[in-house]
Amino acid sequence: MSTSKPNQNDELTFEQAYSQLQQTVAQLEAGNLPLEEAMALYEKGMALAKQCGLQLDQAELTVKKLTPSGDLVDFEEN
1 MSTSKPNQND
11 ELTFEQAYSQ
21 LQQTVAQLEA
31 GNLPLEEAMA
41 LYEKGMALAK
51 QCGLQLDQAE
61 LTVKKLTPSG
71 DLVDFEEN
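The sequence shown begins at 1 in our numbering and counts up by one.
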């Protein structure tokens, strides 16, 4: 029986999570970390990326609800 622990990332705004994700990627790309620390950062990065994706999906759904046709509008074409 597994219990899910609350994720600290759930309380971050998109901007905060994205910023942390960028910092995490930069640390990993530097390549000067011990394996265990690199793995922990990788896991943190994956969780942050998932959270950002979920928040973007939610924003997309909100935009769909706000447009009359329910379709996403490409603002660059206008």
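Careful, some of the hints might be misleading.
[Said to hold, decoys possible] Between beta-carbon pairs, the in silico distance windows are:
| hint | residue 1 | residue 2 | range |
| --- | --- | --- | --- |
| 1 | 65 | 40 | 35 to 41 angstroms |
| 2 | 65 | 13 | 17 to 23 angstroms |
| 3 | 30 | 69 | 42 to 48 angstroms |
| 4 | 65 | 39 | 37 to 43 angstroms |
| 5 | 42 | 71 | 34 to 40 angstroms |
| 6 | 65 | 43 | 29 to 35 angstroms |
| 7 | 22 | 60 | 43 to 49 angstroms |
| 8 | 29 | 64 | 47 to 53 angstroms |
| 9 | 53 | 31 | 23 to 29 angstroms |
| 10 | 66 | 39 | 37 to 43 angstroms |
| 11 | 64 | 19 | 32 to 38 angstroms |
| 12 | 65 | 32 | 25 to 31 angstroms |
[Stated by the list, open to error] Straight line, CA to CA, 20 angstroms or less: simulated EDC-like cross-link-like pairs of lysine to aspartate or glutamate:
| hint | residue 1 | residue 2 |
| --- | --- | --- |
| 13 | 44 | 60 |
| 14 | 50 | 71 |
| 15 | 44 | 11 |
| 16 | 44 | 71 |
| 17 | 65 | 29 |
| 18 | 64 | 43 |
FYI, nobody ran anything at the bench for these hints, they're computed from the structure.
Please read these numbers as outputs of a predicted model, since none were measured by experiment.
In this text, a Cβ means the ideal position worked out from N, Cα and C, and glycines have one as well.
Against the structure, the hints come out as follows:
no. : hint                        : in the structure
1   : 65 / 40: 35 to 41 angstroms : 38 angstroms, holds
2   : 65 / 13: 17 to 23 angstroms : 21 angstroms, holds
3   : 30 / 69: 42 to 48 angstroms : 47 angstroms, holds
4   : 65 / 39: 37 to 43 angstroms : 40 angstroms, holds
5   : 42 / 71: 34 to 40 angstroms : 37 angstroms, holds
6   : 65 / 43: 29 to 35 angstroms : 34 angstroms, holds
7   : 22 / 60: 43 to 49 angstroms : 21 angstroms, violated
8   : 29 / 64: 47 to 53 angstroms : 35 angstroms, violated
9   : 53 / 31: 23 to 29 angstroms : 25 angstroms, holds
10  : 66 / 39: 37 to 43 angstroms : 41 angstroms, holds
11  : 64 / 19: 32 to 38 angstroms : 27 angstroms, violated
12  : 65 / 32: 25 to 31 angstroms : 46 angstroms, violated
13  : 44 / 60                     : 24 angstroms, violated
14  : 50 / 71                     : 24 angstroms, violated
15  : 44 / 11                     : 14 angstroms, holds
16  : 44 / 71                     : 34 angstroms, violated
17  : 65 / 29                     : 39 angstroms, violated
18  : 64 / 43                     : 32 angstroms, violated
Hint violations for this structure: numbers 7, 8, 11, 12, 13, 14, 16, 17 and 18, all remaining hints satisfied.
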